[in-house]
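Q: Read off the chains here:
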Amino acid sequence: MDILRRVSVLESFRVALDALKANRMRSGLTMLGVIIGVSAVILLVSIGIGVQSDISREIMGLGSNILMILPGKIEMRPGGGHAISSLIGKLTYEDAQILPRRAPHVKKAVPLLQEAGMVKFGNRSRSTQILGTTHDYVPVRNFPTAQGRFFERLEVDRARKVCTLGATVAEDIFEGTNPIGKQVRLAGQKFTVLGVMTRKGGMMGINLDDQVWIPITVAQRLFGVKNVGLILVEATHPDDLDEAMIEIKKILSERLSPDEFSVLAQEEILGTFQSMMGTLTLALGGIAGISLLVGGIGIMNIMLVSVTERTREVGIRKAVGARTFDIMIQFIIEAVTLSMIGGIIGIALGAGGSLLLNRFVPSQVTLWSVLIAFGFSAMVGIFFGVYPAYKASRLDPIEALRYE
Amino acid sequence: MLVELKDVVKIYKLDGVEVPALRGISLLIKEGGFVSIMGPSGSGKSTLMHIIGCLDRPTSGSVIIHDLDTRNLSDNELAKIRNEAVGFVFQIFNLLPRATALKNVELPLIYAGISTGERIRRAKEALKAVGLGDRLDHRPSQLSGGQQQRVAIARALVNNPSLILADEPTGNLDSKSGSEIMSILQRLHEEGRTIILVTHEHYVAEHAQRIIQILDGKIIADEK
Chain W
9 MDILRRVSVL
19 ESFRVALDAL
29 KANRMRSGLT
39 MLGVIIGVSA
49 VILLVSIGIG
59 VQSDISREIM
69 GLGSNILMIL
79 PGKIEMRPGG
89 GHAISSLIGK
99 LTYEDAQILP
109 RRAPHVKKAV
119 PLLQEAGMVK
129 FGNRSRSTQI
139 LGTTHDYVPV
149 RNFPTAQGRF
159 FERLEVDRAR
169 KVCTLGATVA
179 EDIFEGTNPI
189 GKQVRLAGQK
199 FTVLGVMTRK
209 GGMMGINLDD
219 QVWIPITVAQ
229 RLFGVKNVGL
239 ILVEATHPDD
249 LDEAMIEIKK
259 ILSERLSPDE
269 FSVLAQEEIL
279 GTFQSMMGTL
289 TLALGGIAGI
299 SLLVGGIGIM
309 NIMLVSVTER
319 TREVGIRKAV
329 GARTFDIMIQ
339 FIIEAVTLSM
349 IGGIIGIALG
359 AGGSLLLNRF
369 VPSQVTLWSV
379 LIAFGFSAMV
389 GIFFGVYPAY
399 KASRLDPIEA
409 LRYE
Chain E
142 MLVELKDVVK
152 IYKLDGVEVP
162 ALRGISLLIK
172 EGGFVSIMGP
182 SGSGKSTLMH
192 IIGCLDRPTS
202 GSVIIHDLDT
212 RNLSDNELAK
222 IRNEAVGFVF
232 QIFNLLPRAT
242 ALKNVELPLI
252 YAGISTGERI
262 RRAKEALKAV
272 GLGDRLDHRP
282 SQLSGGQQQR
292 VAIARALVNN
302 PSLILADEPT
312 GNLDSKSGSE
322 IMSILQRLHE
332 EGRTIILVTH
342 EHYVAEHAQR
352 IIQILDGKII
362 ADEK
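Chains W and E supply the protein sequences, listed in that same order.
Just so we're aligned, residue 9 is where the first sequence starts under the working numbering, counting upward by one.
Just so we're aligned, residue 142 is where the second sequence starts under the working numbering, counting upward by one.
By construction, these hints were calculated from the structure, which means they are not laboratory data.
Ideal Cβ placement from N, Cα and C applies to all residues, glycine included.
Any given hint could be a false lead.
[Unchecked claim] Calculated lysine-lysine pairs in the BS3-like style (CA-CA distance at most 25 angstroms, straight line):
id, chain 1, residue 1, chain 2, residue 2
1, W, Lys234, W, Lys190
2, E, Lys171, E, Lys147
3, W, Lys198, W, Lys234
4, E, Lys221, W, Lys399
5, W, Lys399, W, Lys29
6, E, Lys154, W, Lys399
[Claimed, not checked] Covered by chain E, according to a simulated footprint, are these stretches of chain W (three or more residues, beta-carbon under 8 angstroms):
id, stretch
7, 18-27
8, 316-324
[Said to hold, decoys possible] What follows is a list of derived Cβ distance ranges for each label pair:
id, chain 1, residue 1, chain 2, residue 2, range
9, E, Asp216, W, Tyr395, 14 to 22 angstroms
10, E, Tyr153, W, Leu379, 51 to 59 angstroms
11, W, Arg410, E, Lys269, 26 to 34 angstroms
12, W, Asn31, E, Val150, 40 to 48 angstroms
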């Protein structure tokens, strides 16, 4: 440790700051490379993580006792990727009706059928999503109405042309007037408005408030289909998921072949999705990392210039007793100071940008992305500072003193 | 014996051509001496001074300082000798342009690992000793040539070396500043330090007790 005791590292920091101050413009431009790199890493990673946690929350929001039955064969594999062998849906409303009756561990089953369509009131119209479902949608999705009511079993069974509006839809076409009891036109047919849903907000471009709910029976006629898009199943208890899944598969297999439907638990959807998003986040961070690398090369470049310019200074320092190591550490500290100041500014900008961006895209600054970006910028300083510093430390004192 | 040179040869290689700078110099310098090395430019006198001060290594021959043979020493060990045993004064001052007078004088103490408080105290003392106690915070560009050279002398003596090597210390100064510098060196000698002065001017060399004349890398005269 004799080496470290003799060198005042603090002194080297002071010298480094002086040298950087003496060339403000140059130091600033060099830092800019690191600033852009670090803020890009933080920004992109924060978006990746933000989107991931947003969707995860949405999937978790389905509830831990929910299963999804999807048409076709969907394999959720760790590592992402799923194969849909058949998109022609063979799931029916009857399946959703049979399941709670025959499967002891299935409490409720809700069919969903969705299509885009126009909703009109007077001369106001809006293109929205029309979602056919049953009265059980409200308890299963835990998505109550804010005003009025959702349609009931009888209205589903009798295929009544009634609907419940999403908050955005109601606001847009009724412009603040009370929509309940009014007649709207959906795909050209008249529907009576029963209620308005609570506001849920959007996620990933799907705005849950920009929908109109109608009975599944009406939806099938309106869209001219006999099947349903998917079935949400609520198990009697989160611990009963496995049993419920086995029962569902057994019952559906009586009518469908195994590759005509898939039963998925929230965990599987979540797992696949998260590993997919993890990969994406890593890729985004990696791309941003390249700009940090470019910033590092900028540091190396400017440090080489700095060493050349200060050849005489190195000679003077050596003449009064600086050792190889003293010179080396001085220039490394200079490079690290450059990259770390850049890193700190980059973190501030990245975090600030992420907060700003959060209004439009979900983004979340995590401690680890900040730490990694900061550590990486310090590493860049050391890595790209070592060679110029080594060059400086090897200068022959006599030649360095003669340098003009 | 403070400095002992035996058959010192220094050959520079410039673009593959060997240029001899010193061709066999043997020399003894006693503790407390004041020696002038004289010679025309290109005679090798600066090279000789650099070798005595351990800034440079001889191609062959040995340099013994304080009974320590420098031949087998590493670069870092030579740096330690430069730091503790030698103080350099150059013709062109060689101060750090961005550092204040005080910081410049502190420099050898930083590399000696002296703590901040002690360092500043000693640097101030050294600057006072050369009459610059009121110029601590001036940068070299704010000082006259003579003042800059006095800062350089303060830097050379701050770590209390036994040997001060001055390479044409008055070469860039007017005669008044030059004689001030010479009287400071004279005083340092009277205080017991060994001074080796490289010059090509007789009136400067005459301050010394001993004048060594060099020509083409060889000693041609050694007068006391």
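Q: Each hint needs a verdict: does it hold in this structure or not?
A: We went through each hint and held it up to the structure:
{"no.": "1", "hint": "W:Lys234 to W:Lys190", "in the structure": "violated, 29 angstroms"}
{"no.": "2", "hint": "E:Lys171 to E:Lys147", "in the structure": "holds, 15 angstroms"}
{"no.": "3", "hint": "W:Lys198 to W:Lys234", "in the structure": "holds, 21 angstroms"}
{"no.": "4", "hint": "E:Lys221 to W:Lys399", "in the structure": "holds, 21 angstroms"}
{"no.": "5", "hint": "W:Lys399 to W:Lys29", "in the structure": "holds, 22 angstroms"}
{"no.": "6", "hint": "E:Lys154 to W:Lys399", "in the structure": "holds, 21 angstroms"}
{"no.": "7", "hint": "18-27", "in the structure": "holds (count 3)"}
{"no.": "8", "hint": "316-324", "in the structure": "holds (count 4)"}
{"no.": "9", "hint": "E:Asp216 to W:Tyr395: 14 to 22 angstroms", "in the structure": "holds, 19 angstroms"}
{"no.": "10", "hint": "E:Tyr153 to W:Leu379: 51 to 59 angstroms", "in the structure": "holds, 52 angstroms"}
{"no.": "11", "hint": "W:Arg410 to E:Lys269: 26 to 34 angstroms", "in the structure": "holds, 32 angstroms"}
{"no.": "12", "hint": "W:Asn31 to E:Val150: 40 to 48 angstroms", "in the structure": "holds, 43 angstroms"}
Of the numbered hints stated above, the single one contradicted by the structure is hint 1.
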